[in-house]
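Chains as they are written, first to last, in the working numbering: chain S, 198 to 535; chain W, 30 to 380; chain B, 12 to 294.
Mixed in with the good hints, there may be bad ones.
Dumping the calculated PhoX-like pairs for lysine-lysine here, alpha-carbon to alpha-carbon at most 25 Å [to be verified]: (1) Lys277(W) - Lys462(S); (2) Lys200(S) - Lys289(S); (3) Lys187(B) - Lys277(W); (4) Lys321(W) - Lys462(S).
Rather than coming from a laboratory, the hints here were simulated on the basis of the structure.
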Amino acid sequence: MTKPVLELQDLRVYFNTRRGIVKAADGINLQLYPGERFGLVGESGSGKTTTALAILRMIKPPGRIVGGRVILDNDIDLLSLTDEQMRQVRLKRIAMIPQGAMNSLNPVLRIKEQMILTMRTHGAEGSNGHMLKRVEGLLASVGLQPNVANLYPHELSGGMKQRVCIAMAISMRPQVILADEPTSALDVVVQRRIMQTLRTLQEQLGAAVILVGHDMGLMAQFVDRLGVMYGGKLVEVGTVEEIFTDPKHPYTQLLISSIPSLHRKRNFQTIPGMPLSLHEPPSGCLFHPRCPQAMAHCSQIVPREIEVTPGRKVLCLLYDEELTPAAQREVVDDTAAS
Amino acid sequence: MTPPLLEARNLRKVYTKRSGFFSRPDENVALDNFSFTIGGDDPVFIAIAGESGSGKTTLAQMLLGFTRPTSGEVLYRGQNIHHLNADSQKQFRQEVQAVFQDPFAVYNPFYRIDHILHTPIRKFNLASSRKEAENMILEALATVGLRPEDTLGRYPHQLSGGQRQRITVARTLLLRPRLVIADEPVSMVDASLRATILESMYKVHQDYGISFLYITHDLTTAYQVSDSIVILYRGIVAEAGDIEAVIKNPQHPYTQELVNSIPMPSLGQNWIASDDSMGTEAVDNVMHQVSKGCKYATRCPHVMERCRQNQPPLYQVGQGQVAACYLYDETPALTGDNLTDTLHRRPDFRQ
Amino acid sequence: MIGNIFYHLRTNLRLTAGLVMFSLIVLFMLLGPMMVDVRQARPLSTFPSQPPGPDYPFGTDDQGRNLFAAAVVGVPMTLRVGLIAGAVGVGVGTILGFLSGYLGGRVDTLIRGTVDTLLTVPGLVVLISIASIIREAISVEIMALVVALLAWMWPTRTIRAQVLSMREQPYVQMAKLNGVGTWEIIWRELMPNLLPYLAVSFVGSVSAAILASIGLEAIGLGPQNEPTVGMTIYWSIQFNSLIRGLWWWWGVPIFFIVFLFVSLFLISAGLDQIANPRLRRVA
Numbered sequence: 198m199t200k201p202v203l204e205l206q207d208l209r210v211y212f213n214t215r216r217g218i219v220k221a222a223d224g225i226n227l228q229l230y231p232g233e234r235f236g237l238v239g240e241s242g243s244g245k246t247t248t249a250l251a252i253l254r255m256i257k258p259p260g261r262i263v264g265g266r267v268i269l270d271n272d273i274d275l276l277s278l279t280d281e282q283m284r285q286v287r288l289k290r291i292a293m294i295p296q297g298a299m300n301s302l303n304p305v306l307r308i309k310e311q312m313i314l315t316m317r318t319h320g321a322e323g324s325n326g327h328m329l330k331r332v333e334g335l336l337a338s339v340g341l342q343p344n345v346a347n348l349y350p351h352e353l354s355g356g357m358k359q360r361v362c363i364a365m366a367i368s369m370r371p372q373v374i375l376a377d378e379p380t381s382a383l384d385v386v387v388q389r390r391i392m393q394t395l396r397t398l399q400e401q402l403g404a405a406v407i408l409v410g411h412d413m414g415l416m417a418q419f420v421d422r423l424g425v426m427y428g429g430k431l432v433e434v435g436t437v438e439e440i441f442t443d444p445k446h447p448y449t450q451l452l453i454s455s456i457p458s459l460h461r462k463r464n465f466q467t468i469p470g471m472p473l474s475l476h477e478p479p480s481g482c483l484f485h486p487r488c489p490q491a492m493a494h495c496s497q498i499v500p501r502e503i504e505v506t507p508g509r510k511v512l513c514l515l516y517d518e519e520l521t522p523a524a525q526r527e528v529v530d531d532t533a534a535s
Numbered sequence: 030m031t032p033p034l035l036e037a038r039n040l041r042k043v044y045t046k047r048s049g050f051f052s053r054p055d056e057n058v059a060l061d062n063f064s065f066t067i068g069g070d071d072p073v074f075i076a077i078a079g080e081s082g083s084g085k086t087t088l089a090q091m092l093l094g095f096t097r098p099t100s101g102e103v104l105y106r107g108q109n110i111h112h113l114n115a116d117s118q119k120q121f122r123q124e125v126q127a128v129f130q131d132p133f134a135v136y137n138p139f140y141r142i143d144h145i146l147h148t149p150i151r152k153f154n155l156a157s158s159r160k161e162a163e164n165m166i167l168e169a170l171a172t173v174g175l176r177p178e179d180t181l182g183r184y185p186h187q188l189s190g191g192q193r194q195r196i197t198v199a200r201t202l203l204l205r206p207r208l209v210i211a212d213e214p215v216s217m218v219d220a221s222l223r224a225t226i227l228e229s230m231y232k233v234h235q236d237y238g239i240s241f242l243y244i245t246h247d248l249t250t251a252y253q254v255s256d257s258i259v260i261l262y263r264g265i266v267a268e269a270g271d272i273e274a275v276i277k278n279p280q281h282p283y284t285q286e287l288v289n290s291i292p293m294p295s296l297g298q299n300w301i302a303s304d305d306s307m308g309t310e311a312v313d314n315v316m317h318q319v320s321k322g323c324k325y326a327t328r329c330p331h332v333m334e335r336c337r338q339n340q341p342p343l344y345q346v347g348q349g350q351v352a353a354c355y356l357y358d359e360t361p362a363l364t365g366d367n368l369t370d371t372l373h374r375r376p377d378f379r380q
Numbered sequence: 012m013i014g015n016i017f018y019h020l021r022t023n024l025r026l027t028a029g030l031v032m033f034s035l036i037v038l039f040m041l042l043g044p045m046m047v048d049v050r051q052a053r054p055l056s057t058f059p060s061q062p063p064g065p066d067y068p069f070g071t072d073d074q075g076r077n078l079f080a081a082a083v084v085g086v087p088m089t090l091r092v093g094l095i096a097g098a099v100g101v102g103v104g105t106i107l108g109f110l111s112g113y114l115g116g117r118v119d120t121l122i123r124g125t126v127d128t129l130l131t132v133p134g135l136v137v138l139i140s141i142a143s144i145i146r147e148a149i150s151v152e153i154m155a156l157v158v159a160l161l162a163w164m165w166p167t168r169t170i171r172a173q174v175l176s177m178r179e180q181p182y183v184q185m186a187k188l189n190g191v192g193t194w195e196i197i198w199r200e201l202m203p204n205l206l207p208y209l210a211v212s213f214v215g216s217v218s219a220a221i222l223a224s225i226g227l228e229a230i231g232l233g234p235q236n237e238p239t240v241g242m243t244i245y246w247s248i249q250f251n252s253l254i255r256g257l258w259w260w261w262g263v264p265i266f267f268i269v270f271l272f273v274s275l276f277l278i279s280a281g282l283d284q285i286a287n288p289r290l291r292r293v294a
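My request is simple: use the sequences and hints to build the entire structure.
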């Protein structure tokens, strides 16, 4: 039984806002296996980017990681490391391609300077000549000509800039790559090329990828397993096949039927009800006010994670065979605390 | 025979950029020799699709009169829109309206959202009393599925992007225009809210007989709402016609590449693995200008020598479908303004 | 928008602190005449060179002026110079800045060219030249106008820059689609959003004007018979108050200058904080 390369246990990230505490990520349990492609999908505000940032401990105040563990290689809990140790982990073992990465390239540095600087900051050593060779090799692996190294970011197209960001992300041969909406600003043809490049590199490196996004079509074509997030909770996990052919959570079901596609015209279906407000979350299950299959006790009991089949998880009372005393106690605790 | 509502005649827009004092200026042909007509009597829903650099936004800006063409003209009821007298200008604005891309920036942050609804009523004298104006607004909001208690009296930052965009659609309804030019109305809106905005646009089209020109880079949403489509590539029309035909049976190699690049939310599409590309460099290198020949030649898997010499005309590749590609030179080429006819053909079946 | 005022006062420390300080000065100006006979601001009205004490809270100068009375009379004058010059500067600057920024073309080239050229002229030299020519006839109001001559150029530039960026905003295009004409766009769409910048510009202009007038007065080019802050400094220099140990003579005006400028600066910084987040707000 392969051990996960990255495991999130009960990860909680809360934000202290003027209007109260916002639970951006609340009890995330996730296993990422070596070399696999995992998609984290959800609407904006669902907590997917927060989760990705929390893995790298890049949460800024007023947010903070209030609980849980992030275990790398079955070995180290990243949340227990010092700042210096964490810096050694970033890029070397876990790399990130953040949202809008191509716009955060330093406009006054040439690509090679930027890349060498980044690598050195995270522990790469070697002479300038040696580093330049590495840069050219990396650029080639993402399909860019060596002359790109001498260019400035504004001389590159959007697709080329994003390839540079990918090159930087793989420069230290990480075990895990976190990609947060890496193609959202790109044209659909360029997007395909970029994702193909990413996949090739990922397979060569044997690295695992977490793709964060909201495009279900992209997820279906790129990832092996999918995690659906809603209101800071991971409401369903499964393989892409399982989720698309047999979605279990009512939210997932509505999500899938509302995806616009070229198979059906005038599909104006959406998820009914008002969008979730994390400042005033509903009691019990966060989705119950909008859920077409809500039962009476869904407003009172917080659903716990049910493993329907191995690896197939749902956070929904519909699949909870027994409402154990533990689940009921959680209700009392929640109401007492609020 | 009244002149058509809006006509684009040989529209061409060239942007020149001087990279230095002594070097020759860089010319970028954003749109080249584009002509078509919107009659205004029969409501149509036409999509103008293209990627960045295709010229679609330039086209929208020229049709609305915010950018002047380098050559060619835009005619409102037979008159050049830049030579209209004050009355005709007012009429033009009333009959041709728009929905823009950024659902936040179209609101003046100083005012509540009511400002954007009352101003056109006031300027176009659409209501004779305050009460009548309020009723018009309530009706318009209801059509797009918004409740007045959720929206009126609020500031733009207090509403979601989806609500703000739907209010702009409601605004167009107040004016009862003939044509609404919607420039990427959903691209800056959260994915989960897009369907409601598209639905509101479609409803306005169905219930009030208003034509739409839907400008987008997203073929999927274009397919959802439109009847016909024009595919733009680097300023020229690559393919156009009935949307079912163009999407399900694309003839131009570019359209084929576009449609194949869309990741489907289903299993079985060979999206990630297949490599039918010309290499990444050709795709990325949009900076490179092509002066003669077909603009798609550098990326085309079927490129022939004549493609590099001349820009192919639009050939009639099927009933209600045209494509600008020498692969189809057996079929008759389009003459005159038959592009409009191609786009105005109503399909025999409706879902 | 009005309801916002209390929110801003509560959270914007700089603005509140600045306003509090400024209102103290206003209080001083209002209550002062009730606490002292203002005629004592003239020379030869009291015992000369008295240090601050119970009879003369700010002491007296070498020429027999009660410095407390002098402050009560002089501070409002200095403020008036600043306010008039600042208002003229921002007023002219707004009109020119709008015309230049919104209309563009030749109007813009003309206005911008003039402003840019005039900005290269060393302002202090111009002021000194003008002031020394009209030396005898100078009054507080004329002082204000002289300073105002140079106060309109920076506001023109900054307001023009603001208008240029606002002109391209989608809400301006939307207004055009709504049938709104050019003048109405300027007045009803652009101007309200410019108010925070105008406020900051105004406070900045007032500060600069006060500084310029004090500078001119301190070298003797001000209204000779008025006990303005700058003139008091001038006289204190002329009569060697520093060497003679009459510290209150130069100390009182300097205290007022510092207090006034700190308050104006805080107000300006506070307004800046309001002005910027509004434009930085993201959808």
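How the hints compare with the structure:
1. Lys277(W) - Lys462(S): holds (12 Å)
2. Lys200(S) - Lys289(S): holds (20 Å)
3. Lys187(B) - Lys277(W): violated (40 Å)
4. Lys321(W) - Lys462(S): Status violated; Cα separation ~38 Å.
When the structure is compared with the earlier hints, violations turn up for hints 3, 4 and for no others.
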